[in-house]
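Protein chains: 4
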Amino acid sequence: MRFKIASEVSYAISGPSTLILNVHALRNGAQMIHEESFVVEPKVKCEEFVLDQGQNRFVRIETGSAKELKLTYRATVDAQVRLIPIEKLNAMTVGKIDRNVIPFIYPSRYCQSDKLGRLAYSKFGKIKHPYKQVSAITNWIFENVQYLSGSTNWQTSAYDTVAERAGVCRDFAHLGIALCRALNIPARYFTGYAHQLQPPDFHACFEAYIGGVWLIFDPTRLAPLNGLVRIANGRDAADAAVATIFGPTRSKAVRVSCEPAEPGFKPLTSEQLLKKGVCLDAP
Amino acid sequence: MRFKIASEVSYAISGPSTLILNVHALRNGAQMIHEESFVVEPKVKCEEFVLDQGQNRFVRIETGSAKELKLTYRATVDAQVRLIPIEKLNAMTVGKIDRNVIPFIYPSRYCQSDKLGRLAYSKFGKIKHPYKQVSAITNWIFENVQYLSGSTNWQTSAYDTVAERAGVCRDFAHLGIALCRALNIPARYFTGYAHQLQPPDFHACFEAYIGGVWLIFDPTRLAPLNGLVRIANGRDAADAAVATIFGPTRSKAVRVSCEPAEPGFKPLTSEQLLKKGVCLDAP
Amino acid sequence: MRFKIASEVSYAISGPSTLILNVHALRNGAQMIHEESFVVEPKVKCEEFVLDQGQNRFVRIETGSAKELKLTYRATVDAQVRLIPIEKLNAMTVGKIDRNVIPFIYPSRYCQSDKLGRLAYSKFGKIKHPYKQVSAITNWIFENVQYLSGSTNWQTSAYDTVAERAGVCRDFAHLGIALCRALNIPARYFTGYAHQLQPPDFHACFEAYIGGVWLIFDPTRLAPLNGLVRIANGRDAADAAVATIFGPTRSKAVRVSCEPAEPGFKPLTSEQLLKKGVCLDAP
Amino acid sequence: MRFKIASEVSYAISGPSTLILNVHALRNGAQMIHEESFVVEPKVKCEEFVLDQGQNRFVRIETGSAKELKLTYRATVDAQVRLIPIEKLNAMTVGKIDRNVIPFIYPSRYCQSDKLGRLAYSKFGKIKHPYKQVSAITNWIFENVQYLSGSTNWQTSAYDTVAERAGVCRDFAHLGIALCRALNIPARYFTGYAHQLQPPDFHACFEAYIGGVWLIFDPTRLAPLNGLVRIANGRDAADAAVATIFGPTRSKAVRVSCEPAEPGFKPLTSEQLLKKGVCLDAP
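Protein chains in written order, with this note's numbering: chain A, 1 to 283; chain B, 1 to 283; chain C, 1 to 283; chain D, 1 to 283.
Hints were generated in silico from the structure; no laboratory data involved.
Wrong hints could be hidden among the right ones.
Which copy? The list can't say, so a pair holds if one copy fits it or any two copies do.
With a Cα cut of at most 30 Å, we get these calculated DSS-like pairs of lysine-lysine [unchecked claim]:
1. Lys123 <-> Lys70
2. Lys88 <-> Lys126
3. Lys115 <-> Lys70
4. Lys123 <-> Lys275
5. Lys88 <-> Lys123
6. Lys88 <-> Lys266
7. Lys45 <-> Lys275
8. Lys252 <-> Lys275
9. Lys96 <-> Lys43
10. Lys70 <-> Lys96
11. Lys45 <-> Lys126
12. Lys115 <-> Lys67
13. Lys70 <-> Lys88
14. Lys88 <-> Lys132
15. Lys70 <-> Lys4
16. Lys266 <-> Lys67
17. Lys88 <-> Lys45
Throw the hints in and build the complete structure from the sequences for me.
Here's what the structure looks like:
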C-alpha cells in the first residue's frame, strides 16, 4: 500500500543546541520510499546518517544562532505487510533463535523485564504458543491500562505502568515489550506514522520475534495494523525517540499525517486478523 | 478461645544498642491477658510502655555491655472473635466514618495507595459492598502473589509487590492495605501470634474498617482467622515491627508458638466464613 | 508575635465529594488563637474535629449538590517562639528519648529513612551534636536541591529527591525528615502560614527533636523562622495535607497571606540564629 | 603486556536450559589473543558467535540432559594500552561526536541518566574539560559509595545507588556511566579480567568517549588500569553479563585469574596517571 506521510515539528531555541531527529521513514525490503523531502527552515547545519548497527535514519541538526526552527518531512512510501498464517509460526527456544535478536531479550531502560518475570509467567506462562502469548499480553494491556494523555512522562517505564495502569502509546509498547522479554520472547519498540490515529501524532507500538519473523502488535488498538509506516526500531524509546534535544531548545508544535495515496485501503485490526488465523509482519 | 503463646528471640550484640521490642499481646476489650511473663537474659535495663496514641505494648531495652540477649515472652490470652453477619455491615463514605480512622485512609511507607488507585478501581471498583471489595482484594492477592520466603526484604513495599508478585506475609498485608486505602477503605496492619502457621513465626495480616468495625483479612491463607492473638496494629510494618534495633545488634534466632489452651478449637477459614455469610473482627 | 493569617481556597465540583481540610491554625501552649473565622460558601455540611492523637484541626466537608465551593479562613494568632541556647541542648540516644516521639524515628510514605542510612551516615554521621547534624542536613539540602515549581508532584518522595535534586518546600521537608530519621533523630513535618514567603502559599518545613524539644528547620530558606504560624504536624505530607479530596472535585485557586498584626517584626534567619548560638522551637 | 587469564564456571542444572556465556577475551586492534581454549564438561551443544553489531564473543550452550556443567576458559592475551596526554583530548559537543557512539549517550536499563541530570550538572557541570568531569565523577563515586559485597543484586540500578550508596563493581560502573551520559558524555560498560583484584572475580568498570577515544575509568580503585583484559562492552550489564541463564540452572562456583605472562608489570593507578597528565585507553 502506498501512503503519503508528513510531519512538521517546530522548536523555540534560546541557545545553540544539537537535535537528533528520527522522523524519516525507514528503508528496508518491505518499505520503499518513492519520494521524500526534508526541509529545515531557516537553513542550519544538518547531517543525515544511519548507525552502523540498525537502519534507523537520523538527522543531526546544529541550531547555530537560529531562534526558531521548523522541520518538515514529507514522503510517499510503499509499505508492504505480509499476512502470515499463525499455524506456520514455529515456537523457537532461546537456544534456536537468530543470534542477532538476542539483544532484544535483555531488559532495557523502560522495559525492566528482569523485574516482571513472575507476573508474566503467572498470567501468560501457560499459554502454549508464543504468538498466542503475545496476543494475550497485548489484550491484557488494552484491558488493564487506561490510555490517558498526560498521565505519564518521558521517564515513565514498564515497571511504573504495571502499578499505575495508565499511559500513552509509548507506555503501552514498553509494557508489551517487557512482558514478552520476561517470557524470553525477543521484542522491540516500533515508531511510525499511523493512518487513522486520533488525534494525529507519531505512534508507537511493538514487535515480537516469533517463528523467525518480527510481528507487529498494538496494545492501544488506536490504528489499523496495516496503516503503519515505519520510522524506527529500537530496544525502547531511548533508542528511537522522535527527537533528542541537547541544549536550551523546546518543542513548540507537532503536526503529523498519514494517508493512503491509492484507493482501496481496508483497515485490518488485530481482531480481524485473529479471526482469519493470520498475523502481520510490519513494513 | 484461650491460647498459650510464646516467643523467644535471641540477639548477638557487638556494641551498646537499644532495642524496641513489640511481642507482647495487646490488651483490649476482645483480648484479655490471663497471665504473662517476660524474661530478659542477662538482666539489662528494660522499660515497658504504651504510646499515648494506640495500644501496642513496647519494651525498650538497653543492651549495655551484654554480648548476647535472650528475650522470652509467654502468655495465656483469652482472645474473643465476633462473627458478624455480612448483611449487617453498612457501607460508609469517607464523609461518615469515625474521624479516628481517617489516618488509615492515607498512604504510608510500605502502602503507597496514592499510586495504586487506578489498579484498585479497575479491578475492584465495580464491586458494590466494601466487604466484598476487600474479600476480592484478599483473594486476588492470594491468587496473584506467590508466597516465597526470602524473595523480599524489609524495604519492600506494596508498589514493588504489584510488579514483582512475590513476598511473605508482611508483603501480602501491605498490598492488601494499599489496595483498600486506594478505594478509600481504611485499612491497617496487624501482627500477632498465629495458630497452625507453618513454619511457626510471627504473622502479619491486615484489617479493614467496614460498617464501623475492624474486620480481619489474611491474603496468605496460612492460618485460621480465629487462631490469632493480636500483638499490634499500625499503619504498616514501620509502626508495628516485632523489633527495631538501634546499634550493632543482630537477630540470631526466633522461636514462636501459639496453641489453644482449652479443647475444642475449630479453625475457621475465610471460605467457611463466606459460606456462612459472616465475617470476623479480630481479637 | 501576633499575626493575621488568611487563606481562601476554591473548588470546582462535578459530583458529591468529601473534603478533609487542614488550614486552621493549631492551638497549643505556644500558639494562641485570638480570633478566627471560617466561612464556607455556599453553605454545606461541615464538621470540625481534632483526632484523638495529635492536635491538628481538620474540617470534613460534604459538598452535597454544590458545584463550586469557596472556603475562607481568617485568624489572628499569637505565635511564640523560644530562643534556646544551642549549648543547652543535650544529645539523647534512642534509649532516652520520650517514648511518644518514637514513631517519628520510623520511615513514612514520603520519608524512606530506611533506604537513606548510608547516605546520612557518610555525610553527617561524624558530626557530634544532633543540632549540628540537622543544621548540616538543612544546609546540604539547600545547597544540593534546586527549588523548582512544578518539578515534582504529590507522589514524589525523599528517595526520588535524593536522585533528582529538585522540588518544592514539601520535598525539601521530606528529605530533611528522612535524613534525620536515618540518623535516629526524630523528625516531623510542619505545615503553616509563612510571612514573606514569595509567592505567598502554604509553607512546609520540618522539625527535629533534640534535647527534649522540637526545633524548626527550613531547608528552603524562603521565610524567616520566626514568621511561621503552625497549621499541622505529621509524619509527612500524608498526615498533614492542606486538603484531601474524595470525589470529583478539583482545586481552582488558592490565596494565602500571613502578616504581622503588630509593629516590630524582625525576621530571624537560620544564619543569624547560628551566629548567636541559639535555635528556635516553633510556635 | 601479555596476560594469562582463566575462568572456570560451574553450574547445577535441574532441567534443559540455554546459557549465553560471555567470558572470552574480545579481539580488537589493541587486544590480540595469542592462544586460547574453551572446554565444556560434559560435552554439550555449543555455538560461539559475535553479534553483527559489536565485538563481544558469546557462547550459546544447550545443556541438554546434563545435570552439571563446568566451563573452563583459558587464554594468553596481548593487551595494549595507550597513554594519551590529557591535553591532547579535545572536548567534543554532541554535534561533533562520531555518530556510532550516539547510542551511548542514551539511558539504559541500569543507567537512568535521564533522571540524574540535575545531580550531574550541579556536581560536575562547572568543570570545563570532559576528562576532568569524568575523573571527578569517578572520584566522587569512590568517595561516596561504599564497596559492599552482597548489598545489591542484579536488579540494582544507578538510580538506586545514588540513594543507597553501596554496591559492587557493577553498580559503581553503572553510576559512572549514568552520570557521564547525563552530561552528554558517551559512556559504556566494560567487563574483563583484572590483575590484582581481590578477591579474584570478573571485574566491571566503564569507559567514556572523550576527544575521539574511549578512555577507561574504575571508580572502585580495586585493580590497576593497565592490568585489564577486556571481555565485553555494552550499554550496561544487560548487554554484557558474564552469563545469562534461560531455564532451571544455577551457578555453583566461579574461579577467575589474571596474571602477567611476562616480567616487568608495573601497576598504574588513576592517581599516578593524573600526576603524569596522561590517561589510558583500554585494550
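Now the hints, each set against the structure:
no.: 1; hint: Lys123 <-> Lys70; verdict: neither (46 Å within a copy, 35 Å between copies)
no.: 2; hint: Lys88 <-> Lys126; verdict: within (20 Å within a copy, 41 Å between copies)
no.: 3; hint: Lys115 <-> Lys70; verdict: between (41 Å within a copy, 28 Å between copies)
no.: 4; hint: Lys123 <-> Lys275; verdict: both (23 Å within a copy, 28 Å between copies)
no.: 5; hint: Lys88 <-> Lys123; verdict: within (25 Å within a copy, 36 Å between copies)
no.: 6; hint: Lys88 <-> Lys266; verdict: within (24 Å within a copy, 57 Å between copies)
no.: 7; hint: Lys45 <-> Lys275; verdict: neither (51 Å within a copy, 40 Å between copies)
no.: 8; hint: Lys252 <-> Lys275; verdict: neither (43 Å within a copy, 48 Å between copies)
no.: 9; hint: Lys96 <-> Lys43; verdict: between (50 Å within a copy, 18 Å between copies)
no.: 10; hint: Lys70 <-> Lys96; verdict: between (47 Å within a copy, 22 Å between copies)
no.: 11; hint: Lys45 <-> Lys126; verdict: between (54 Å within a copy, 27 Å between copies)
no.: 12; hint: Lys115 <-> Lys67; verdict: between (44 Å within a copy, 27 Å between copies)
no.: 13; hint: Lys70 <-> Lys88; verdict: neither (47 Å within a copy, 38 Å between copies)
no.: 14; hint: Lys88 <-> Lys132; verdict: within (13 Å within a copy, 46 Å between copies)
no.: 15; hint: Lys70 <-> Lys4; verdict: within (20 Å within a copy, 53 Å between copies)
no.: 16; hint: Lys266 <-> Lys67; verdict: neither (43 Å within a copy, 47 Å between copies)
no.: 17; hint: Lys88 <-> Lys45; verdict: between (49 Å within a copy, 27 Å between copies)
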